[in-house]
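Number of protein chains: 2
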Amino acid sequence: MQDVITTWHQAGERVALVPTMGNLHEGHLALVREAQQHADRVVASIFVNPTQFGEGEDFEKYPRTPDEDIAGLEAESCDVVFIPDTEQIYPFGVEQSVSLKASPDLAARLEGYNRPGHFDGVVSVVARLFAITRPDVAVFGEKDYQQLLVVRKLADDLGFGIDVIGKETIRDAAGLALSSRNAYLDPLELTLARQLNKVLSETGQNARQGDVIKAHEMDAAEQLMSAGLKVDYVAIRRADDLSVPEKFEGGLRILAAVRCGETRLIDNMPMPD
Amino acid sequence: MQDVITTWHQAGERVALVPTMGNLHEGHLALVREAQQHADRVVASIFVNPTQFGEGEDFEKYPRTPDEDIAGLEAESCDVVFIPDTEQIYPFGVEQSVSLKASPDLAARLEGYNRPGHFDGVVSVVARLFAITRPDVAVFGEKDYQQLLVVRKLADDLGFGIDVIGKETIRDAAGLALSSRNAYLDPLELTLARQLNKVLSETGQNARQGDVIKAHEMDAAEQLMSAGLKVDYVAIRRADDLSVPEKFEGGLRILAAVRCGETRLIDNMPMPD
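If you're matching them up, the sequences are chains A and B in order. Take the first sequence: its position 180, counting from 1, is numbered 180 in this note's numbering, and each next residue is one higher. Take the second sequence: its position 47, counting from 1, is numbered 47 in this note's numbering, and each next residue is one higher.
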């Protein structure tokens with residue numbers, strides 16, 4: 001992997017990395033196409049990272065479809081698919097590995113609060129992928145919006161000199177954000193799940209300059225619960241650092257995590273200014 | 001810094017990094033000369049890293065002599081001296097920075113036990129220096145032998161693809177390991193400090209295949225204490241991973257840390273097989 005990338009760099013080519021956990025859908029392929037806009041060469045990685053899953057989460061059952069993934073990436077003219085095994089990413093074993101802790105304030109909230117240690121696992125694997133592939137650019141989906149900010153801060157803080165680009169979430173015809181975890185949903189749950197993007201979108205449309213943020217968050221949570229979803233959080237935050245605004249203003253984003261049956265779903269979107 | 005190194009890499013040149021905390025002595029310059037054997041270009045960095053000093057340690061008074069350091073490196077034909085300030089290494093501030101934890105077992109013993117968090121600070125800064133300078137080779141002194149192993153494991157574990165080379169300790173005529181902290185010693189303390197390398201060396205000469213390790217460690221500690229030094233540890237360990245041998249065997253190293261007045265000194269050396 002490193003030899004190939006060294007050859008590209010020596011030829012003056014820009015390299016983009018698209019880190020994934022596999023089971024690729026249209027959202028991932030959009031990341032690859034975005035990466036092609038910013039670089040001469042695109043590397044997609046597929047690695048289901050154990051250190052970002054908590055106790056009782058779905059690490060074991062997370063869908064693994066390498067053959068279909070490779071075919072899909074080939075069709076997009078992705079240059080290299082990097083599929084390391086756990087021993088390549090954690091050569092001394094997870095327990096004795098060097099671990100990273102994500103930037104405290106940013107990682108403590110929302111997803112980090114609900115999934116303790118999750119972002120530490122994310123930066124522990126992404127730092128390795130960055131060190132191995134030394135890309136000029138990396139593309140992450142806005143679907144995991146907080147992860148995008150955490151990874152951008154990782155790149156800037158450690159000085160990798162990597163431009164971390166966020167790509168808009170890809171949705172199905174009814175607006176449901178594409179996710180590998182949607183496959184866990186039965187038909188009834190799928191109907192419930194469709195409330196998530198709908199409520200977030202309507203909250204954005206209803207908000208007016210100067211409105212109290214908390215009221216909109218509670219109203220949205222109420223609607224999601226009435227629809228039969230369990231709500232981990234609905235939060236309206238400043239888009240650049242997820243800090244808490246008091247009144248409705250420009251540059252905000254609404255983020256939510258719900259449980260739909262046994263399946264945990266997240267979504268987020270910019271709010272109209 | 002990164003633009004310069006990119007230019008070198010595109011020209012197919014190998015780059016070596018020599019990380020230092022400045023106040024350079026002959027030991028540091030020997031690292032630069034070693035680096036020149038392994039690479040076309042040598043970068044020396046000077047940064048007194050706050051995160052590897054504990055409470056009450058000598059971060060504030062650590063000697064800073066940038067002008068002399070630059071002159072010394074120039075005389076050795078070092079290609080670049082990289083002197084970042086704290087805001088470049090920790091752009092979001094130390095408190096909100098991404099931190100690294102060194103490999104647990106290796107970092108918990110000896111220096112790590114006596115200086116809690118020290119090696120976490122070391123890997124937190126070295127990972128940044130590696131990410132910024134992307135060297136092919138990095139050279140560290142064997143004087144900080146455990147640090148050398150911790151950093152080598154960092155490079156291998158994160159997949160930087162950097163060859164971490166250890167360079168033999170440089171000593172004065174009487175065998176005292178060169179160290180910036182020797183400058184803290186008054187003439188009487190200097191006389192005491194000279195017992196450290198003497199006792200370690202004699203312990204190696206007296207040991208015989210099959211001897212009980214513990215007896216030699218205790219004997220050496222006893223001698224150091226009798227000489228008027230306070231002993232943090234004397235340890236005979238396997239050189240490759242600092243694991244504990246039961247009987248004297250090949251491939252061992254003797255390591256010690258003592259306090260001489262207010263000054264903490266460390267030394268280590270291979271034991272004769």
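A portion of the hints provided could be inaccurate.
[As the list claims (entries may be wrong)] One side of the interface only, derived from the structure: several residues of chain A facing chain B at Cβ under 8 Å:
#, residue
1, GLN36
2, SER99
3, ALA102
4, SER103
5, ALA108
6, ALA127
7, ALA131
8, ARG134
9, VAL137
10, GLY261
11, THR263
12, ARG264
No lab work stands behind these hints, which were simulated from the structure alone. Think of the CB as a built atom: it goes at the ideal place given N, C-alpha and C, for glycine as much as any other residue.
For each hint given before, does the structure comply? Return the numbers of the non-compliant ones in rising order.
The structure breaks hints 1, 5, 9, 10, 11 and 12; every other hint is satisfied.
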